[in-house]
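Sequences and hints are given; from them, build the entire structure.
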Amino acid sequence: FQTEENNIFDAIEPGFQLQVEFEGYDPEPTAGGPPGIFAYGYDVNSETPAFNFTITEGETLTGENGDSGIILSTLLSANMDKAVGDTVVLRVPGNTQELQVVGIAEFPLDQVWMDWRTLAQISGYLVGAPRPNEYFTTVSVEGYDGTMPQGQVGVVGFDEMVGDFLTFDEGEFVTPGEPGLIISAGMAETGGYGVGDTLTVTTESGNTAEVPVVGIVTLPPMLQNDQIPPDFAGMFWQDLATLEGLSLTGKPQPQGYFITTTLPDPTEEELDEIIDQVDEVMLDNGIPVGFLNFKELVNQISEIFTTIQVILSAVALLIALVGALGLLTTLSMSVFERQKEIGVMRSIGAGSSTVALQFLTEGLVVGVISWLVGLPLAALVELLLLNVTGFNETFPFTFPLSAAVIGLVGMLVITTIASLWPSIAASRKTVSDILRYQ
1 FQTEENNIFD AIEPGFQLQV EFEGYDPEPT AGGPPGIFAY GYDVNSETPA FNFTITEGET
61 LTGENGDSGI ILSTLLSANM DKAVGDTVVL RVPGNTQELQ VVGIAEFPLD QVWMDWRTLA
121 QISGYLVGAP RPNEYFTTVS VEGYDGTMPQ GQVGVVGFDE MVGDFLTFDE GEFVTPGEPG
181 LIISAGMAET GGYGVGDTLT VTTESGNTAE VPVVGIVTLP PMLQNDQIPP DFAGMFWQDL
241 ATLEGLSLTG KPQPQGYFIT TTLPDPTEEE LDEIIDQVDE VMLDNGIPVG FLNFKELVNQ
301 ISEIFTTIQV ILSAVALLIA LVGALGLLTT LSMSVFERQK EIGVMRSIGA GSSTVALQFL
361 TEGLVVGVIS WLVGLPLAAL VELLLLNVTG FNETFPFTFP LSAAVIGLVG MLVITTIASL
421 WPSIAASRKT VSDILRYQ
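The sequence shown lines up with residues 1 to 438 when you count with the working numbering.
Keep in mind that the hints were calculated from the coordinates and are not lab data.
Treat each hint with caution, since some may be false.
Only pairs whose alpha carbons sit at most 35 Å apart, straight line, appear in this in silico DSBU-like list of lysine-lysine [claimed, not checked]:
1) Lys295 with Lys251
2) Lys251 with Lys82
3) Lys429 with Lys340
4) Lys295 with Lys82
Written as structure tokens, this is what we have:
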């Protein structure tokens, strides 16, 4: 695909992406971004790494600290109360590992970055080793006579995340590290099995074990087809691999690749066009692939913040409009009620500019008072919004002097406009108009 005329790719790096958890931390839903915590693994030894960080504390990942190091986002660091040098326990289905925080990167979502090899090793994504949810084998169940010959049953090696999508007629999902077998409702009916029964299972390699039935499941209609037999079983993938005598170690394998383009600042549409071209070439060569446009992901997150800004700006504009109308009405009533005062001023020689300036000054004084009252209220609203949206740690509470000055200037402009018409109306009052009113 890459040619001298079509010089689009700057670098292709091995990578990894996985949703993870941390012991002792239960994240709260945020205002934007994907649910849960995503770990991105990249090549820390590369001269063109897929991720560039704004490190606020500590250092970036290197070949020396990549095996046991992790970078936390600023939000995750604050939520977990972890600093550089602290340790965290990362948890993936079937495995945990203690890692040291080497850096804090500026980012407004719960997210972490690691060396891709470390993340692949933790998740068991290794060359020659079985992969969770892709691991399928057959075993013989003693005394069982089902759809397959010689009592054989197809077994899938699941991880913990699959348990959230299974419908259990009885029992529950297997506990990693403890012997357990999930069987289909068809197998339970054919063999007369129930939760708590122990089945003697023999693998193709000749290994035999007695495994208790911990759950009976019915596949959802979307997964029911002619390719899946009515009698099947499932085990935790690491336990199934151990039963078969397979190795759970090996060389880390990337889950995918991060492609960096030569375009200086590509748009989402430009990257989509490149993706379509690459996809077509790959499919022509019989290689099905999937893509994730990071620019699109960034734009989606940015749109959430932009939407919040637009809503708050619209509310502020509406409040300013209501305040301006209120001031306009108040000053107009004041002009009407103080016509005698205007007449006295006129009778002693006050000009139109003097009368107009008096009412304009009153409007500005009201505006300045409202500004003084609004300053602490604005700080309180900011603090409440940061706490409600969950961004109080990512964006620490500040109320700079520039914000107060901008508010003062905006208030003076609005009150001047609102006071202008009543002031002009007052300046046009003549002594004869006032005498007729009296």
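Outcome of the hint check:
Restraint check: the Cα-Cα separation between lysine 295 and lysine 251 comes to about 31 Å, which is no more than 35 Å; the hinted pair holds. Note on lysine 251 and lysine 82: the hinted pairing holds, with a Cα-Cα distance of about 31 Å set against a maximum of 35 Å. Between lysine 429 and lysine 340, the direct Cα distance comes to roughly 10 Å. Compliance with the 35 Å bound is thereby established for this hinted pair. Proximity of lysine 295 to lysine 82 is assessed by CA-CA distance (about 29 Å); at most 35 Å being required, the pair is judged to hold.
When each numbered hint is compared with the structure, no violation occurs for any of them.
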